[in-house]
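Engineer: One letter stands for each residue in the lines below.
Protein chains: 2
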Amino acid sequence: MTTRLDPDALLLVLGPRPDRDVGRWLQDGLRGAVVDGRLEAGTVLPSGRDAAAALGVSRGTVTTAVDVLVGEGLLVSRLRSGVAVAALPAASAAPSAAPRPASAPRPVSVGTPDPALFPRTAWARAVRDGVRGLADADLGYPDPQGLPVLREALAVHLRRARGAHVTADDVVVVSGVAQALSLLARLLVAGRVGGPAPADGVAVAVEDPSSRGALELLHDAGLRTVGVPVDDAGLRTDLLPDDARAVLVTPAHQFPLGVVLGPTRRRSLLTWAAAGDRLVLEDDYDAELRYDRQPVASVQALDPGRVVLLGSVSKLLSPALRLGWVVAPPRVVGPLVDAKRHTDLGTSVPEQAALAELLASGAYQRHLRRARLVYQRRRRVLLDALGRAVPGLEVGGVAAGLHLVVRLPGEAAERAAVDGLLAAGVPVEPLSGTGVGRREPGVVVGTARVREVDVPRVVDVLRGAAATTGSV
Amino acid sequence: MTTRLDPDALLLVLGPRPDRDVGRWLQDGLRGAVVDGRLEAGTVLPSGRDAAAALGVSRGTVTTAVDVLVGEGLLVSRLRSGVAVAALPAASAAPSAAPRPASAPRPVSVGTPDPALFPRTAWARAVRDGVRGLADADLGYPDPQGLPVLREALAVHLRRARGAHVTADDVVVVSGVAQALSLLARLLVAGRVGGPAPADGVAVAVEDPSSRGALELLHDAGLRTVGVPVDDAGLRTDLLPDDARAVLVTPAHQFPLGVVLGPTRRRSLLTWAAAGDRLVLEDDYDAELRYDRQPVASVQALDPGRVVLLGSVSKLLSPALRLGWVVAPPRVVGPLVDAKRHTDLGTSVPEQAALAELLASGAYQRHLRRARLVYQRRRRVLLDALGRAVPGLEVGGVAAGLHLVVRLPGEAAERAAVDGLLAAGVPVEPLSGTGVGRREPGVVVGTARVREVDVPRVVDVLRGAAATTGSV
Numbered sequence: 001m002t003t004r005l006d007p008d009a010l011l012l013v014l015g016p017r018p019d020r021d022v023g024r025w026l027q028d029g030l031r032g033a034v035v036d037g038r039l040e041a042g043t044v045l046p047s048g049r050d051a052a053a054a055l056g057v058s059r060g061t062v063t064t065a066v067d068v069l070v071g072e073g074l075l076v077s078r079l080r081s082g083v084a085v086a087a088l089p090a091a092s093a094a095p096s097a098a099p100r101p102a103s104a105p106r107p108v109s110v111g112t113p114d115p116a117l118f119p120r121t122a123w124a125r126a127v128r129d130g131v132r133g134l135a136d137a138d139l140g141y142p143d144p145q146g147l148p149v150l151r152e153a154l155a156v157h158l159r160r161a162r163g164a165h166v167t168a169d170d171v172v173v174v175s176g177v178a179q180a181l182s183l184l185a186r187l188l189v190a191g192r193v194g195g196p197a198p199a200d201g202v203a204v205a206v207e208d209p210s211s212r213g214a215l216e217l218l219h220d221a222g223l224r225t226v227g228v229p230v231d232d233a234g235l236r237t238d239l240l241p242d243d244a245r246a247v248l249v250t251p252a253h254q255f256p257l258g259v260v261l262g263p264t265r266r267r268s269l270l271t272w273a274a275a276g277d278r279l280v281l282e283d284d285y286d287a288e289l290r291y292d293r294q295p296v297a298s299v300q301a302l303d304p305g306r307v308v309l310l311g312s313v314s315k316l317l318s319p320a321l322r323l324g325w326v327v328a329p330p331r332v333v334g335p336l337v338d339a340k341r342h343t344d345l346g347t348s349v350p351e352q353a354a355l356a357e358l359l360a361s362g363a364y365q366r367h368l369r370r371a372r373l374v375y376q377r378r379r380r381v382l383l384d385a386l387g388r389a390v391p392g393l394e395v396g397g398v399a400a401g402l403h404l405v406v407r408l409p410g411e412a413a414e415r416a417a418v419d420g421l422l423a424a425g426v427p428v429e430p431l432s433g434t435g436v437g438r439r440e441p442g443v444v445v446g447t448a449r450v451r452e453v454d455v456p457r458v459v460d461v462l463r464g465a466a467a468t469t470g471s472v
Numbered sequence: 001m002t003t004r005l006d007p008d009a010l011l012l013v014l015g016p017r018p019d020r021d022v023g024r025w026l027q028d029g030l031r032g033a034v035v036d037g038r039l040e041a042g043t044v045l046p047s048g049r050d051a052a053a054a055l056g057v058s059r060g061t062v063t064t065a066v067d068v069l070v071g072e073g074l075l076v077s078r079l080r081s082g083v084a085v086a087a088l089p090a091a092s093a094a095p096s097a098a099p100r101p102a103s104a105p106r107p108v109s110v111g112t113p114d115p116a117l118f119p120r121t122a123w124a125r126a127v128r129d130g131v132r133g134l135a136d137a138d139l140g141y142p143d144p145q146g147l148p149v150l151r152e153a154l155a156v157h158l159r160r161a162r163g164a165h166v167t168a169d170d171v172v173v174v175s176g177v178a179q180a181l182s183l184l185a186r187l188l189v190a191g192r193v194g195g196p197a198p199a200d201g202v203a204v205a206v207e208d209p210s211s212r213g214a215l216e217l218l219h220d221a222g223l224r225t226v227g228v229p230v231d232d233a234g235l236r237t238d239l240l241p242d243d244a245r246a247v248l249v250t251p252a253h254q255f256p257l258g259v260v261l262g263p264t265r266r267r268s269l270l271t272w273a274a275a276g277d278r279l280v281l282e283d284d285y286d287a288e289l290r291y292d293r294q295p296v297a298s299v300q301a302l303d304p305g306r307v308v309l310l311g312s313v314s315k316l317l318s319p320a321l322r323l324g325w326v327v328a329p330p331r332v333v334g335p336l337v338d339a340k341r342h343t344d345l346g347t348s349v350p351e352q353a354a355l356a357e358l359l360a361s362g363a364y365q366r367h368l369r370r371a372r373l374v375y376q377r378r379r380r381v382l383l384d385a386l387g388r389a390v391p392g393l394e395v396g397g398v399a400a401g402l403h404l405v406v407r408l409p410g411e412a413a414e415r416a417a418v419d420g421l422l423a424a425g426v427p428v429e430p431l432s433g434t435g436v437g438r439r440e441p442g443v444v445v446g447t448a449r450v451r452e453v454d455v456p457r458v459v460d461v462l463r464g465a466a467a468t469t470g471s472v
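Note that the protein sequences, when read in sequence, are chains A and B. Those letters in the first sequence? Residues 1 to 472, per UniProt numbering, in order. Those letters in the second sequence? Residues 1 to 472, per UniProt numbering, in order.
Bound-form chain A, shown alone (with noise of 0.2 angstroms):
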């Protein structure tokens, strides 16, 4: 059985024609009631002249809609009965039949630059500059492995800034130090990189305490992690499992706990490295923001066969771009450039084009020499009225980076100070929360946007903290 729709009904369910456009507004209302079921399976519309008649349109409008709805088959043209709405399977919930709950904000991670700093202006000019420096063959698809000027300009950057031995063809881009982790992590778990991957699984070691993001990242790839205590000269090499094809490790200024990997450790991390042929994954995320004295060269010059050098813009600019840099040998390169394709293709060409910019203009270098000066005093300002304040507390680490790590005598003091610097405003996160094996109280507090302002409040949050189980 059909019903045939009376023509003024048509007009309830268009709701009221606009003065233009009204092509659009009969096949998009039509639309809308064929999809969400205000016009039923098997009604027929009024005839043409009819229709148009009561809309107020002219007959080509209406003919224009029915055969656009004909075609994305929400209507049936009959050779008898005219035109009625399809019978379409019955559709499964809409998606915002179930609405999401509206995400709370997303706490600000400790190792985050501070926003105000970020070069918006110089950062615009090089995305200008380098566009227009782009030749009309690098707008096509991206070459996998990064824009050669790019490379290029890391490669110099990487040998003055880090000491690397590197030359174009040995960096890969990425979108990240992230994105870095990903694809090395699935390339170990496949075996590509790494030697072959046994049948109980690949293992890697990793630093004790250590970032819960890159740690989140190898284990979603399937990769085993092993965690290998630091002390106060970094990562205790001694105790490198045998098992493990690999170790992730942030020799400049680890994480979270903020010491610098010793010489002697330097040389047995690579002569474990060789004995098993295993790599070294050396993230060097924040080396470049050292405050008091030249930034320690990457372990990667030492053997550039074994070692894999991760970095980005994310502690300098932001890591809202997404942009970074792999050092590697030939045999981690072809793979991480395979992956790299089969994951996005390449990187962004205009972001790509602009970073190049910035480090050949100098620019990169001169928000660097700016940025260090902000952070360093915004450190040494807290630091000192951390000392004044509560004399005993034990504050972790080198003048380094955007963070420190402050010791706490308990959980219940540890969860205080967490609260107390999230109500304040201040990126923080438990230190026992880092840890893989061991568990410190503690907490990692962000420091780049604590301006002097912010200072007492923080001084009173982990003063209070401190004194949570009557000692310090």
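Don't take each hint at face value.
[Stated by the list, open to error] So the derived label-pair ranges between C-beta atoms look like this:
no.	chain 1	residue 1	chain 2	residue 2	range
1	A	ARG160	B	VAL374	38 to 48 angstroms
2	A	VAL381	B	ASP19	30 to 40 angstroms
3	B	PRO18	A	ASP277	32 to 42 angstroms
4	B	ARG224	A	ARG20	43 to 53 angstroms
5	B	GLY201	A	ARG160	16 to 26 angstroms
6	A	ARG377	B	ARG49	30 to 40 angstroms
[Unchecked claim] Residues from chain B that keep clear of chain A, each with C-beta distances beyond 10 angstroms, as calculated:
no.	residue
7	GLU72
8	ARG128
9	GLY195
10	ALA221
11	PRO263
12	ASP292
13	GLY362
14	ARG370
15	ARG380
16	GLY410
17	ALA424
18	VAL455
Since the hints were made in silico from the structure, they are not lab data. As the structure is a prediction and not an experimental result, all values here were calculated from the model. Glycine included, each C-beta is placed from N, C-alpha and C at the ideal position.
Given chain A, put chain B in place with the hints provided.
Structural biologist: This is chain B only, laid out in the frame that chain A set:
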């Protein structure tokens, strides 16, 4: 046994002393010589005083350089015998020792827009204005689902331009359709979308012929693909296999054949999906570039709970941008956002802000109108010339997109056409290479950059190829 280096030999190792930055010269020179083995392990350096005198620098400069290199593990300071070169583990072959061959110019994909049309100035302006409009909070780690202002702008755009049933909550911003396919494929393999994964692997139906690049991504993620033939009304939905958990389909403009999925087929596609609670992956890659009429609306609106709509700026702006979107039901959005976070944490915020700006300012739509006119004309001129010169030539597909398909009488003709067009600088791929099961001879020709002056050469090549076996 140890050698003590003659002070003057240091100069030989370091090369000529520059006028400024002597500290850096000394450090970099020593580091390089230790790393590349010119200074052997155990070699003892001259005393600080002797070295300073020989090099013409201050003792402080020497001391600083030595301290830095001791910190990096390259030198060791011994109580009695002075400073010596450290014993490094045998370095593996350095990257530069095995240079890869210079990469050949990558062939241009047939679906690439004309880079000369890329609106460089408008893009740079959109980045500038977009970045200016960002809140400080947007410059931290990104929302892995995408910048809210862009998701909002895309929802408006896709409702208008593609008839999609979508709000900002249903949109996930990705780094191009390739990334979307790669992530969705992994989720299907893991059984996290599309239902539990069977023990013998997950199968996905694909169009035969199909984009080779898309198939490669699906296979790389571990999916099995089942080819389903395409005829003049698009995918033969009556042949969709029961054991597939999803289908990848190009309803608005089939790649490569250029046909449109017919109304009845649309309905039966959704019936198949509903029957097995399967997913339809609707690749809407070039749907906005329809020249003879308004583009057919997306299938997604007909069943937003089962259809996942994929699109990007690659065909309209540039594939160098790596910016795309997914419209999906909540049961897919959740796992997809998790996967995106574990892959790269999110897409570049400045680029997302720029696209939002482009959409909101109307610049996107203006560019679309302009590009559509240019591409329509180029396609028309080429088709007219071909029609006059090679009357029997079989050219398929509707007036849309950036490519056309020419069927040829055999493999020899296909090879001749591919070679001839490549030599003429025209993007081309063999039609037989896009076949999944069937392999039909012909060529897929990229028309976007074939200007009027290029037409005679293209016509010559295709006429010659069509005559290769003596028959068209």
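Engineer: Each of the hints needs a verdict: does it hold here or not?
Structural biologist: Comparing the hints with the structure gives:
1. As the Cβ distance of ARG160/A to VAL374/B is approximately 45 angstroms, the hint placing it in 38 to 48 angstroms holds.
2. Hint check: VAL381/A to ASP19/B, Cβ distance near 38 angstroms, so the stated range 30 to 40 angstroms holds.
3. Taking 32 to 42 angstroms as the suggested C-beta distance range, the pair PRO18/B and ASP277/A conforms, at roughly 40 angstroms.
4. Our hint of 43 to 53 angstroms for ARG224/B and ARG20/A holds, since their Cβ atoms are close to 51 angstroms apart.
5. Hint check: GLY201/B to ARG160/A, Cβ distance near 49 angstroms, so the stated range 16 to 26 angstroms is violated.
6. For ARG377/A and ARG49/B, the Cβ-Cβ distance of about 37 angstroms falls inside the hinted range of 30 to 40 angstroms, so the restraint holds.
7. Listed as a non-interface residue, GLU72/B fails to keep its Cβ farther than 10 angstroms from every Cβ of chain A; the least gap is roughly 5 angstroms.
8. With a closest Cβ-Cβ approach of about 4 angstroms to chain A, ARG128/B is found to fall inside the 10 angstroms limit, against its non-interface label.
9. No beta-carbon of chain A is positioned within 10 angstroms of the beta-carbon of GLY195/B; the least distance is around 13 angstroms.
10. Distance check on ALA221/B: its Cβ comes as close as 8 angstroms (rounded) to a Cβ of chain A, failing to clear the 10 angstroms threshold; non-interface status is violated.
11. Not every Cβ of chain A is farther than 10 angstroms from the Cβ of PRO263/B; the closest lies at roughly 4 angstroms, contradicting the non-interface assignment.
12. Every CB of chain A is more than 10 angstroms from the CB of ASP292/B (nearest about 12 angstroms), matching its label as outside the interface.
13. With a minimum CB-CB distance of about 15 angstroms to chain A, GLY362/B clears the 10 angstroms threshold, and the non-interface call stands.
14. Every CB of chain A is more than 10 angstroms from the CB of ARG370/B (nearest about 16 angstroms), matching its label as outside the interface.
15. Listed as outside the interface, ARG380/B is consistent with that label: its C-beta sits roughly 22 angstroms from the nearest C-beta of chain A, beyond the 10 angstroms cut-off.
16. Every CB of chain A is more than 10 angstroms from the CB of GLY410/B (nearest about 30 angstroms), matching its label as outside the interface.
17. Listed as outside the interface, ALA424/B is consistent with that label: its C-beta sits roughly 16 angstroms from the nearest C-beta of chain A, beyond the 10 angstroms cut-off.
18. Every Cβ of chain A is farther than 10 angstroms from the Cβ of VAL455/B; the closest lies at roughly 20 angstroms, confirming the non-interface assignment.
Comparing the model with each earlier hint shows violations of hints 5, 7, 8, 10 and 11; every other hint is respected.
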